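*Asks:* Sequence:
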Amino acid sequence: MGLLSLTYYRVEPHCGDLMTSKLSSVTITGLNVTMIHVEVDIDRRSVIHDVDIVGLGDTAVKESKKRVKSALRNSGFSFPQGRVTVNLAPGDIRKEGSFLDLPIALGILQATGIMKRRDFMAMGELSLDGGIRKIRGVLPALSVLSEGDFSGTVVIPRDNIEEAQLIDGLKIYAFKTLREVVEYANGLKEFLPVEHRQIPLAEFSDSTDFSEVKGQLAAKRALEIAASGGHNVLMRGSPGSGKTMLARRFPSILPPMTTQEALEVIKIYSAAGLFQTATAMRRPFRSPHHTASTAAIIGGGNDARPGEVTLSHNGVLFLDEFPEFRRDVIEALRQPLEDGVVTIARARMTVTYPANFTLIAAMNPCPCGNYGSPDAVCTCSPYEIARYNKKLSEPILDRIDMIVHVPKIKVEEYFTPTKSESSKNIRNRVMAARNRQIIRYDGTGITSNSQIPHKMLVEFVSLDEKSEELLKLAAKRYNLSGRAIDKILKLARTIADLDSSDSVCLKHVSEALQYRTSEVNTF
0 MGLLSLTYYR VEPHCGDLMT SKLSSVTITG LNVTMIHVEV DIDRRSVIHD
50 VDIVGLGDTA VKESKKRVKS ALRNSGFSFP QGRVTVNLAP GDIRKEGSFL
100 DLPIALGILQ ATGIMKRRDF MAMGELSLDG GIRKIRGVLP ALSVLSEGDF
150 SGTVVIPRDN IEEAQLIDGL KIYAFKTLRE VVEYANGLKE FLPVEHRQIP
200 LAEFSDSTDF SEVKGQLAAK RALEIAASGG HNVLMRGSPG SGKTMLARRF
250 PSILPPMTTQ EALEVIKIYS AAGLFQTATA MRRPFRSPHH TASTAAIIGG
300 GNDARPGEVT LSHNGVLFLD EFPEFRRDVI EALRQPLEDG VVTIARARMT
350 VTYPANFTLI AAMNPCPCGN YGSPDAVCTC SPYEIARYNK KLSEPILDRI
400 DMIVHVPKIK VEEYFTPTKS ESSKNIRNRV MAARNRQIIR YDGTGITSNS
450 QIPHKMLVEF VSLDEKSEEL LKLAAKRYNL SGRAIDKILK LARTIADLDS
500 SDSVCLKHVS EALQYRTSEV NTF
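Quick note on numbering that gives the first Met the number 0: the sequence shown kicks off at 0 and runs consecutively.
Be aware that a few hints might be false.
Restricting the straight-line Cα-Cα distance to at most 30 Å, the calculated cross-link-like pairs of lysine-lysine (DSSO-like) are [to be verified]: (1) 133 - 64; (2) 219 - 390; (3) 475 - 423; (4) 115 - 213; (5) 188 - 175; (6) 418 - 475; (7) 175 - 219; (8) 213 - 188; (9) 465 - 389; (10) 219 - 68; (11) 407 - 423.
So the derived label-pair ranges between C-beta atoms look like this [claimed, not checked]: (12) 65 - 442: 52 to 58 Å; (13) 478 - 502: 50 to 56 Å; (14) 57 - 349: 16 to 22 Å.
Rather than coming from a laboratory, the hints here were simulated on the basis of the structure.
Just so it is clear, the structure is predicted and the values come from calculations on it, not from any experiment.
No residue lacks a Cβ here, since even glycine has one placed at the ideal position from N, Cα and C.
Could you put together the complete structure from these sequences and hints?
*Replies:* Next comes the structure, spelled out in structure tokens:
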């Protein structure tokens, strides 16, 4: 993730041919904010007329001097004669990106006396004509300022105004050009601050509804349970059985995001440079292609950008053709599926991103997709079937709560005039189950049954004698791991919540077991 700079100016007095300006700033690495300092020094005695930027800046930072020169001249300001030195401290923290353009330009204008002293922060990339371009990471940076003791003014690009409107407690101004900032600082023109507004949450859409899915009652039931408790699902079935159709309608039965959840999502998309508009905040639904790399799915690259698991935070990650993903990609899902976070380590940085998502994966039963189908002939050999299913390792299957068989629907079901149950009806049951969990886990930091830690299972999931005996027999019969047993207990707790039951009964454990004993790689 690139580094974002916010700048707080205080101009030091200068004498003769030496002019200086000292600045306080912050940078953002991933979603973490770090304080830095920016110093601008102009030496008119030097016969060399150039700009030097020091302090471990990358290529984009080094090139900012060319953008700053052109932006100042095209905005009607003269560039100072002599050597201009810009120091970005501390020098052992790498600074990346073009968002330092505006702070550097304003520092030069203040050091030369063109712009009067004005205590405010500024961020933005400059175009050659003096315009201020949109930058990424504005929202997480403003959030840190609003949560701290900063009480000054913040200057941002006009194109970032929608993000700024979501932050309360700061005086923020948005400008299109460098000249507007100078006019504001010198009191030559009045500008209105950005008005705060609440995060707008999207209304539910009926464009993708479960009523469009014919049959598949078992799969719908499994997805309802998954939505109620935040459980991961692997759907297994022949091509054309409706796995993708079911997965794409899964978000329609999820409860709406809370304001806090929506803010977390917007921060991630802002830091990744993917924020578009805050007019329709829905739970994320990400569906990367199976050729995606580890860096694309998990995150990474030179600047440790967030991957699909982070972009799916508080939403859904749909991986179609799951076994076709690279082995290293599949295995890299272990940490986010287990911990709800992903850590990206690089030689010069370690970044941790949130990754609390619901995984919906889909796969065929064999390479040709017809294994077990009563209406088609499988052309795969036993070795090919076993090899295909073995692409999903036991540790990955252990982290998936539910394995669901999705058969092809019969022709009679397809042409039936009876309409299936709507997403609205299912969502009402899901929200009722979630509300029970919110009340039960109040003050624990847990929001859904899937997040119950092992040490708290005894407290929240108590089994009667018959249920415990059944679970013990299943654990021996199917050689279930401790993690798999925990998953069954959490699933049973969710099924009980859907049943409006305070206790977990035998029928709840029995239903939970059927989703864990449909092992994939036993074929």
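*Asks:* The structure should be examined with respect to each hint, and the outcome stated for every one.
*Replies:* Against the structure, the hints:
{"no.": "1", "hint": "133 - 64", "verdict": "holds, 18 Å"}
{"no.": "2", "hint": "219 - 390", "verdict": "holds, 26 Å"}
{"no.": "3", "hint": "475 - 423", "verdict": "violated, 40 Å"}
{"no.": "4", "hint": "115 - 213", "verdict": "violated, 69 Å"}
{"no.": "5", "hint": "188 - 175", "verdict": "holds, 14 Å"}
{"no.": "6", "hint": "418 - 475", "verdict": "violated, 42 Å"}
{"no.": "7", "hint": "175 - 219", "verdict": "violated, 50 Å"}
{"no.": "8", "hint": "213 - 188", "verdict": "violated, 63 Å"}
{"no.": "9", "hint": "465 - 389", "verdict": "violated, 34 Å"}
{"no.": "10", "hint": "219 - 68", "verdict": "violated, 61 Å"}
{"no.": "11", "hint": "407 - 423", "verdict": "holds, 25 Å"}
{"no.": "12", "hint": "65 - 442: 52 to 58 Å", "verdict": "holds, 55 Å"}
{"no.": "13", "hint": "478 - 502: 50 to 56 Å", "verdict": "violated, 28 Å"}
{"no.": "14", "hint": "57 - 349: 16 to 22 Å", "verdict": "holds, 18 Å"}
Going through the hint list in order, the structure does not satisfy hints 3, 4, 6, 7, 8, 9, 10 and 13.
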